[in-house]
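Given only the sequences and the hints, what does the whole structure look like? Please build it.
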Amino acid sequence: MLIDFRFKALDPIRNNVNWILRPLEYVMMAPRNAFEATSEYFTTRATLDQENHAMKARQAELSLLANQSEFLLVENQNLRELMTLQKQVSFKTLPVEILFNPPNPISQRIVINRGINDGLKLGNPIANDSGILGQVVRLYERSAEVSLLEDRDFSVPVQVARNGLRAAVFGAGRGNPLELRYLPVASDLEVGDILLTSGIDGVYPPGFAVAVISKIERNVDKNSSNVFCVPVAAVNRYRQALAFLYDPQFDANAPVNTKSANGAPLTNTPGRRQTRARGMQ
Numbered sequence: 640m641l642i643d644f645r646f647k648a649l650d651p652i653r654n655n656v657n658w659i660l661r662p663l664e665y666v667m668m669a670p671r672n673a674f675e676a677t678s679e680y681f682t683t684r685a686t687l688d689q690e691n692h693a694m695k696a697r698q699a700e701l702s703l704l705a706n707q708s709e710f711l712l713v714e715n716q717n718l719r720e721l722m723t724l725q726k727q728v729s730f731k732t733l734p735v736e737i738l739f740n741p742p743n744p745i746s747q748r749i750v751i752n753r754g755i756n757d758g759l760k761l762g763n764p765i766a767n768d769s770g771i772l773g774q775v776v777r778l779y780e781r782s783a784e785v786s787l788l789e790d791r792d793f794s795v796p797v798q799v800a801r802n803g804l805r806a807a808v809f810g811a812g813r814g815n816p817l818e819l820r821y822l823p824v825a826s827d828l829e830v831g832d833i834l835l836t837s838g839i840d841g842v843y844p845p846g847f848a849v850a851v852i853s854k855i856e857r858n859v860d861k862n863s864s865n866v867f868c869v870p871v872a873a874v875n876r877y878r879q880a881l882a883f884l885y886d887p888q889f890d891a892n893a894p895v896n897t898k899s900a901n902g903a904p905l906t907n908t909p910g911r912r913q914t915r916a917r918g919m920q
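Numbering (our numbering), first residue to last: 640 to 920.
Everything labelled a hint here was simulated from the structure, so no lab data went into it. Be aware that a few hints might be false.
Claimed, not checked - Using 20 Å as the maximum straight-line C-alpha spacing, the simulated SDA-like pairs for lysine to any residue come out as follows:
no. : residue 1 : residue 2
1   : Lys731    : Lys854
2   : Lys726    : Glu736
3   : Lys731    : Thr686
4   : Lys731    : Gly754
5   : Lys854    : Gly814
To be verified - Here are the computed distance ranges between Cβ atoms for each label pair:
no. : residue 1 : residue 2 : range
6   : Ile755    : Gly814    : 43 to 53 Å
7   : His692    : Asn752    : 50 to 60 Å
8   : Thr677    : Ser702    : 36 to 46 Å
9   : Arg777    : Val859    : 40 to 50 Å
10  : Asn875    : Gly762    : 22 to 32 Å
Backbone N, C-alpha and C fix where the C-beta goes; we use that ideal spot for every residue, glycine too.
Okay, here's the thing in structure tokens:
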């Protein structure tokens, strides 16, 4: 041992023995190395799967937040327009929110979050910044049902903004255009004419946009016209609206501005021969 320690006499023998035993060592260590490599592979794979699932969940969450942010921006803009309209009208209004559509395939109605406790009455008109949506037809303490313009046989007295011709527009059911009925073939009507509330029924304040004429079919033999219209206000676009607490006894002679927040007509003032609704040309 002293000779080996001082003169390294056994190094050649040690190197030869190591050269001979090294393959045997590799063979004996192979199962352990294989086990460690397999464990590391599955551990890494499981970690990657967890990270992948976490990243997908985070991506879905960010996408949802982005959509919600866009929805809030649109809702905020709609609320601003309703506030502008609320300032323009001279009678009392009540902000309402559309809760849901009752599951009734026959009628076209919505339920709002205001009722008797909030001062609503039967017949109160419901509108947004574009025009009339419908009318309150059933009341509860904290909610109400609103019949929309498209509801079958629901009618609104109107007049043509261009020439003042009075008529009545009727609903024809879900998905069908509104109809102007009981008009002779010689009636002065044109496609694109805007129909405003006439106010003669004492329910709707005069001058608010209701619909736009989209098609006219004249039957000379029967001296009648089939006039079809599309509503100006889209009920499926926003959830916020205004209830008009209109009382003709006190509000009939009150002045109303000529345009709503988005440029749609509110009233047909004397001398205003042609009124145009935004986006309905």
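Outcome of the hint check:
For the given pair, Lys731 sits about 35 Å from Lys854 by alpha-carbon distance, which is inconsistent with the 20 Å threshold. Restraint check for Lys726 and Glu736: satisfied, since their Cα atoms lie roughly 18 Å apart, inside the 20 Å limit. For a cut-off of 20 Å, the pair hint linking Lys731 to Thr686 is broken: about 62 Å separates their Cα positions. With a CA separation close to 15 Å, the supplied pair Lys731 and Gly754 stays within the 20 Å bound.
As the CA atoms of Lys854 and Gly814 are separated by approximately 16 Å, the hinted pair is consistent with the 20 Å bound. Restraint check, Ile755 to Gly814: a C-beta distance of roughly 32 Å breaks the suggested window 43 to 53 Å. In this structure, His692 and Asn752 break the distance hint of 50 to 60 Å, their C-beta atoms being roughly 39 Å apart. The given range of 36 to 46 Å is respected by Thr677 and Ser702, whose C-beta atoms sit roughly 37 Å from each other.
At roughly 43 Å, the beta carbons of Arg777 and Val859 sit within the given window of 40 to 50 Å. The hinted range of 22 to 32 Å is satisfied by Asn875 and Gly762, whose Cβ atoms lie roughly 23 Å apart.
Hint check: violations occur at hints 1, 3, 6 and 7; the rest are consistent with the structure.
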